[in-house]
Structure formats: structure tokens, C-alpha cells
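In our numbering, the protein residues as written are 1 to 163.
Misleading hints may appear alongside valid ones.
[Stated by the list, open to error] Pairwise CB distance ranges, derived in the manner of DEER restraints:
#	residue 1	residue 2	range
1	103	12	46 to 52 Å
2	126	150	27 to 33 Å
3	162	115	33 to 39 Å
Hints were generated in silico from the structure; no laboratory data involved.
Note that the structure is a prediction, hence the values are computed from the model and not measured.
Beta carbons are placed, not taken as given, at the ideal position from N, Cα and C, and that holds for glycine.
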Amino acid sequence: MTFPDFATYIASLPRVLAGAAALFRDDEGRVLLVEPNYRDGWALPGGTIESDDGETPRQGARRETAEEIGLDVELGRLLAVDWVHGAARPPLVAYLYDGGVLGEEDLKAIRLQEEELLSWRLVPREELTEYLPGALGRRVLAGLDVLADGSGPVELENGHRAG
């Protein structure tokens, strides 16, 4: 295929969405989940990376966390990258960062972005897949495994270890 110019070539390339989230835990190891008002189910604090603004995945996760739950914290290491195929949308590359352990004062400081979120809760590992089905649940469990064994980051495809 020949293209008359570079812009036409770039426009012809496949599209991929990118998102980033933070994995926060409390002192008991429970995971902080948020309940969006724009779709069913639960999620992690995070969202779409604003690549048009030159935002990096880490910056996107931090910005989204600050917007959604009111906590502007320096994120820890990258835990996982997940390639998620979607039937009704382009593929998604999802980055998962260590948000750290939130103490009692941090949890009291949570302020939900009411335009997007209904509530938040702390969920123990053994209940996570009840709240986070599919690739997201597997991604969070993989992130917890990386934190527990000191490995990582891990490469995932639809939440399953790749390779």
C-alpha cells in the first residue's frame, strides 16, 4: 500500500485505547474499588490516558485518581500491562500501578467525583472477582501477586499471563 503523505499513513493505522489505574490497599490488604455511575459494576481508580495532551500512563493514573477519589499521591511501580480485546471497541492497553497502602487518615480523605462515581469500598482478595469479573479481576489479582512475590511487572492478555 502506498500513501501520499505521512498523515494519511498515520490515519490508516489501527486504533488502540489506553487506560491506567492505581491499585490501593488498606492495612488489611483489602483493595479499594470504586463504583462508576456510567456503567454497571466496579472498577479501580483510574481511567483513560489523555494521549492527545502528551500524558503518560503514570500521569494518567495519578490524574484520574486525584479527580475520582481526591487523593493526589505519587504512584509506585508498574505492576502489570494488559492487552484487552474488546468486541464493541478497539483493543485496550491497561496499565496498573501500585497505589500503596492507605492508612485511616487517607481513607477518611477520600472524596468521590460525584459526576462519575457512586461509592467506594474495600474488598478482600477472595471476593475481588465477585466485584471485578473478567480481565479486570484477573489483572488486579496478578498485580497483587506481583506485590506479594516482588516480581513484575507482568505482561497480560485479557488478564492472563502472556507468553
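Handout entry: Structure versus earlier hints, numbers of those that do not hold, lowest first
Key = 2
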